[in-house]
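Student: Here is how the chains run, residue by residue.
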Amino acid sequence: MSARRLLRWTAIAVVVVAAALAAFVSARLLSGKTGGPVQVVKASPDAVARGKYLAEAADCAACHTAPGGASYAGGLGMASGFGTIYATNITPDPDNGIGRWTSDDFWQALHDGVRRDGRQLYPAMPYTSYRGMTRADSDAIYAYLMQLRPMKVANRITELEFPYNIRLGMLGWNLLFLTDDLPATSTGSSAAWQRGRYLVDVLGHCGECHTPRGPLGEMELSRSLKGFALGRVAAPDITPAGLAARGWAPASLGTYLSRGIAGPNSAFADMHRVVVLSTRNLTADDIAAMTTYLLGDKPPAPAAETVGEGNQAGRTSYVALCAGCHGLDGKGIPNTIVGLRNNSTLRLADPRNLIVATLDGIGPQNFPHRMSLPGMPGFADKLTDEQAAALVNYLRAAWGGQKPDVRPSNVQALR
Amino acid sequence: MSLPMRKVTLTVNGKRHDPLDVPEGMMMIDVLHEMLGLTGSRLGCGIGICHACVVIWDKDDKTSEEVQTCITGVEFFDGKRIRTIEGIAETNDRGEVTLSPVQQAFLDKFSFQCGYCTPGFVNAATVLLERLKRSPVAKAEVEATVAAALEAHICRCTGYVRYYQAVRDVILATPGLTRDSA
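Residue numbers (my numbering), protein chains in the order written: chain F, 594 to 1008; chain L, 258 to 439.
If you are wondering where the hints come from, they were derived from the structure by calculation, not from laboratory data.
A portion of the hints provided could be inaccurate.
[What the hints assert, rightly or not] DSSO-like, lysine-lysine: derived pairs with alpha carbons at most 30 Å apart: (1) K319(L) with K975(F); (2) K264(L) with K316(L); (3) K319(L) with K264(L); (4) K924(F) with K819(F); (5) K975(F) with K366(L); (6) K319(L) with K337(L); (7) K745(F) with K819(F); (8) K316(L) with K337(L); (9) K316(L) with K390(L); (10) K891(F) with K975(F); (11) K272(L) with K975(F); (12) K996(F) with K891(F); (13) K645(F) with K626(F); (14) K337(L) with K975(F); (15) K390(L) with K337(L); (16) K924(F) with K366(L); (17) K316(L) with K975(F); (18) K924(F) with K264(L); (19) K264(L) with K366(L); (20) K996(F) with K975(F); (21) K390(L) with K366(L).
[What the hints assert, rightly or not] Derived coverage of chain L by chain F (criterion: at least 3 residues anywhere in the stretch with Cβ under 8 Å from a Cβ of chain F; other residues may be distant): (22) 278-289; (23) 304-313; (24) 330-343.
[Said to hold, decoys possible] Far from chain F, some chain L residues (derived; all Cβ distances over 12 Å): (25) R351; (26) G352; (27) D365; (28) R413; (29) Y421; (30) Q422; (31) L429.
Positions of the beta carbon are idealized from the N, C-alpha and C atoms, including for glycine.
Full structure from sequences and hints, please.
Tutor: Shown next as structure tokens:
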């Protein structure tokens, strides 16, 4: 039996178990609400401002805003191994958004993964992380969202394959995988560490991308924050050991989270959105709290910079195609072109992100504090698999301290 | 300080340079300007964005593409054939120059003002016309095809419209580049 069929049968088994469970909890399911009065929320300006800050810390906009769409009006599609799930409209529109939701309904969605109508959410909505949120913070975010301008933007229908399209199946999934406490990924006890744990694991829901996922899409909590590739670009290992091995220290990590650019590193792909929509808005204290939790109360010493000898063929390609901007010495151009020397992406053991950046390039990006980086062209049409592998191996060995073990087939797989 | 030297073979506008001793890592635009005396390619941004410096890389499979010479080292062109802006117009035995249809159209339509970006636009449009000769597009798609082909090229004076119109008109007036329907 193929892995895919096994997975499908496992999922069907989960659905059957869930259906049996449903018989017991049907009373609750039937209590699902659809109509009801439009809610009017009275909250002080301070409370709304607090809710806005928390909504940014929780990065609701990252998914609930479509590219070019109205803020929080939904529409971003999230591709998964099971199909595409669309984020919903969470403006207070009575028909398309959460205009009829009470703060209890909102809390139920964040804490239990249950919609107002009683049906199950899919864990693309990270209630698996938000479950740790305090009721007060949930109410503040609710108060903020409810005073946004209602947007009449219809929700897109989620497209999942059988049996994953049976929402009831999530009852079984939740029974297996929904937990009150996510394991700490670093050691600490300070107030900053506690606050950082809440910001990273609950509000920031970092693990939803950075923690590896198992066959049914669950976070493998025994390997929390050790890195995972849900799509083309991998979310790297952000445990203390993983970060320190790539040279990260509290100061540089804090700069990265608040500005998106730190030393030779710049946020790209999904993480760029995280910085721009979420972490840039956090106070200095909260940024410090996040770095304290990510690296621990006693941060490991960051790995020293390394310079090695790369292969000659790769160097020839580097000189021909890369050095014009990144420099023969790999130091880049200040405020314009990132350096490659000891760049975090070169120091990742997994070569995927370096290969993808080489093939696709990276589009132009704006950053906080009026910084911007011009686009990098992709080189997929100028490099054969062999040449690209040699180039990536050169970069890994010369400035990443990594083994030059990338094969042409690794490049081919990512074209 | 002495720079390590490399020997490369270049074919530029049909003329073979074999071998050419070049400093390692020298950008192609500097080789064109300083060593080959071809100063028509323009250095703009220097980081591969504005496309004023592009040359045409003619591949062995008869296709061609633009390459930014400001960020591409001469090593990349070793053994390759390229055309620069100096190789677009035709010059006969008597030294009389005939502009290409694209060049003529840019003049006729007043497509540019300062002209700094023009070599890049000429090369981009030339690559596009040659591509359409191999695989024509429907007349209805010409506008979008031109926009896509010239999109990367930056012009700071004239707002692109007359460049795009000129290329569109050349395509529509040249037999074999378009189809009547999709």
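Student: Does K924(F) pair with K819(F) here, judged by a C-alpha cut-off of 30 Å?
Tutor: Status holds; Cα separation ~28 Å.
Student: Test the statement that L429(L) is away from the interface with chain F: the closest C-beta pair must be farther apart than 12 Å.
Tutor: 29 Å, holds
Student: If I take the minimum Cβ distance from D365(L) to any residue of chain F, is it greater than 12 Å?
Tutor: 32 Å, holds
Student: Compare the distance between the alpha carbons of K319(L) and K264(L) with 30 Å, and conclude whether the hinted pair is satisfied.
Tutor: Holds - the C-alpha atoms of K264(L) and K319(L) are around 26 Å apart, at most 30 Å.
Student: Assess, step by step, whether the Cα of K316(L) is no farther than 30 Å from the Cα of K975(F), and give holds or violated.
Tutor: With Cα atoms ~11 Å apart, K316(L) and K975(F) stay inside 30 Å; holds.
Student: Against chain F, does the region 278-289 of chain L show at least 3 residues with beta-carbon separation below 8 Å?
Tutor: holds (count 3)
Student: With d taken as the least Cβ-Cβ distance between Q422(L) and chain F, does d exceed 12 Å?
Tutor: 27 Å, holds
Student: With d taken as the least Cβ-Cβ distance between Y421(L) and chain F, does d exceed 12 Å?
Tutor: Since the minimum Cβ distance to chain F is about 21 Å, Y421(L) lies beyond 12 Å and the statement holds.
Student: For the region 304-313 of chain L, do three or more residues have a beta carbon lying closer than 8 Å to a beta carbon of chain F?
Tutor: Coverage by chain F holds here, the residue count being 3 at a Cβ distance below 8 Å.
Student: Does K819(F) lie within 30 Å of K745(F) when you go C-alpha to C-alpha?
Tutor: 40 Å, violated
Student: Closest CB-CB distance from R413(L) to chain F, is it above 12 Å?
Tutor: 16 Å, holds
Student: So if I understand the rule, the pair passes when the alpha-carbon distance is 30 Å or less; does K316(L) with K337(L) pass?
Tutor: At roughly 8 Å apart (the allowed maximum being 30 Å), K337(L) and K316(L) satisfy the hint.
The structure fails to meet hints 5, 7, 10, 16, 19 from the earlier list, while all remaining hints are met.
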